[in-house]
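Whenever a hint applies, use it, and build me the whole structure from the sequences.
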Amino acid sequence: MRYVAGAGVVNCDILYSGITRLPSEGEEIFSTGFDLQLGGGIPGIMVNLARLGVPVKFSTYLGNDFFSQFVKNQLEQFGVHYVNLYSGTGMPVNVTSVVITPKDRTFISHRDDFGYNDTMKQQLFEQLRGASIIRMSNHLYEVYSRIKQENPDTIFVMDTGWDDTMSLDSYAKYLELADYYTPNKKEALKLTQTGNVEDAARILSRYFETTIIKLGPDGCLLRENGQNEIFPATSGIDPIDATGAGDAFNAGFIYGLYHNYDIRTCIAMGNRMGGACVSKVGCLSGYLTEEQLLREFQASNSSC
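Numbering (the numbering used here), first residue to last: 300 to 603.
Fair warning: there could be bad hints in the mix.
[As the list claims (entries may be wrong)] Pair ranges (Cβ atoms, derived): (1) 493 with 387: 17 to 23 Å; (2) 416 with 327: 40 to 46 Å; (3) 579 with 319: 40 to 46 Å; (4) 428 with 388: 26 to 32 Å; (5) 320 with 378: 24 to 30 Å; (6) 560 with 327: 46 to 52 Å; (7) 363 with 421: 22 to 28 Å; (8) 468 with 525: 20 to 26 Å.
[Unchecked claim] Below are the DSS-like pairs computed for lysine-lysine, each with C-alpha atoms no more than 30 Å apart in a straight line: (9) 484 with 472; (10) 489 with 371; (11) 484 with 356; (12) 402 with 484; (13) 356 with 447; (14) 485 with 402; (15) 402 with 447; (16) 579 with 485.
Hints are computed from structural coordinates only; laboratory data are not their basis.
All residues carry an ideal CB built from backbone N, CA and C; glycine is no exception.
Structure representation (structure tokens):
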């Protein structure tokens, strides 16, 4: 059976919405909205893929703490098959306070750090090796490289999220291994040390025949054969919260790859999933089922 796989730390989001500004030091502000939800990153992609009917396998790290138990319950509720590789006593879940203002989002996160020993790496290799598509991060290069050597047809889609230390030097071997990389604008500019997406796309195209940069409300940039093309974001959406939009895009994009659509259709599907996500608060509140995605996509094409 074909499936999509990935490995990574789960994010658990504490969401504060309905405030007009961030507090200054020493101040307290009350929000009108509050929620605790499964966050973005790899679990957000896997949950949305499962909603789209794509078989997924997810390797992660969960402890015995309150937040890990919450994550376990959520993954089971969403029907995501997962394997827990953590055996320590800490809190391996990334807990993030998300403060949502009309202008943007602000994050404060914490988790107990842990290393990947040889046993864990071998377990990850066994879990990921049979996948048709693997969501790849900027960790576990040895595992990904072994899988690519064993099965060159495995498609690697790299998505890393923001990292203060990200650079081409530190990411080079991952970029060379990946088939696709889906940074947002801020990540692409940081990684390439450029001031605009056109220059960032040009530099990233040294690694990829198909270069993709997510542009948030402006859609998505595709660079192929030295030419840039902008795919506009879904129209008619009243954006409420952009948290998780990039992961929703990735789910739609990977759905397209899984079903062998052309790259432009994959990007268009990613944009539609991202548009659904921003219509509600949280990473997983706004989404499309497979039937809804295909219906929206077909309706859009027929109106062109």
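Quick rundown of the hints versus the structure:
1. 493 with 387: 17 to 23 Å: 40 Å, violated
2. 416 with 327: 40 to 46 Å: Given about 43 Å between the Cβ atoms, the range holds.
3. 579 with 319: 40 to 46 Å: Once the Cβ atoms are compared, 20 Å apart, the range 40 to 46 Å for residue 319 and residue 579 is violated.
4. 428 with 388: 26 to 32 Å: Because 29 Å falls inside the window, the suggested range holds.
5. 320 with 378: 24 to 30 Å: 39 Å, violated
6. 560 with 327: 46 to 52 Å: 49 Å, holds
7. 363 with 421: 22 to 28 Å: 24 Å, holds
8. 468 with 525: 20 to 26 Å: 25 Å, holds
9. 484 with 472: 21 Å, holds
10. 489 with 371: Outside the cut-off at roughly 34 Å; violated.
11. 484 with 356: Holds. Residue 484 to residue 356 sits at ~29 Å (cutoff 30 Å).
12. 402 with 484: 17 Å, holds
13. 356 with 447: 18 Å, holds
14. 485 with 402: 16 Å, holds
15. 402 with 447: 42 Å, violated
16. 579 with 485: Between residue 579 and residue 485 the Cα gap is close to 23 Å, so the pair holds against 30 Å.
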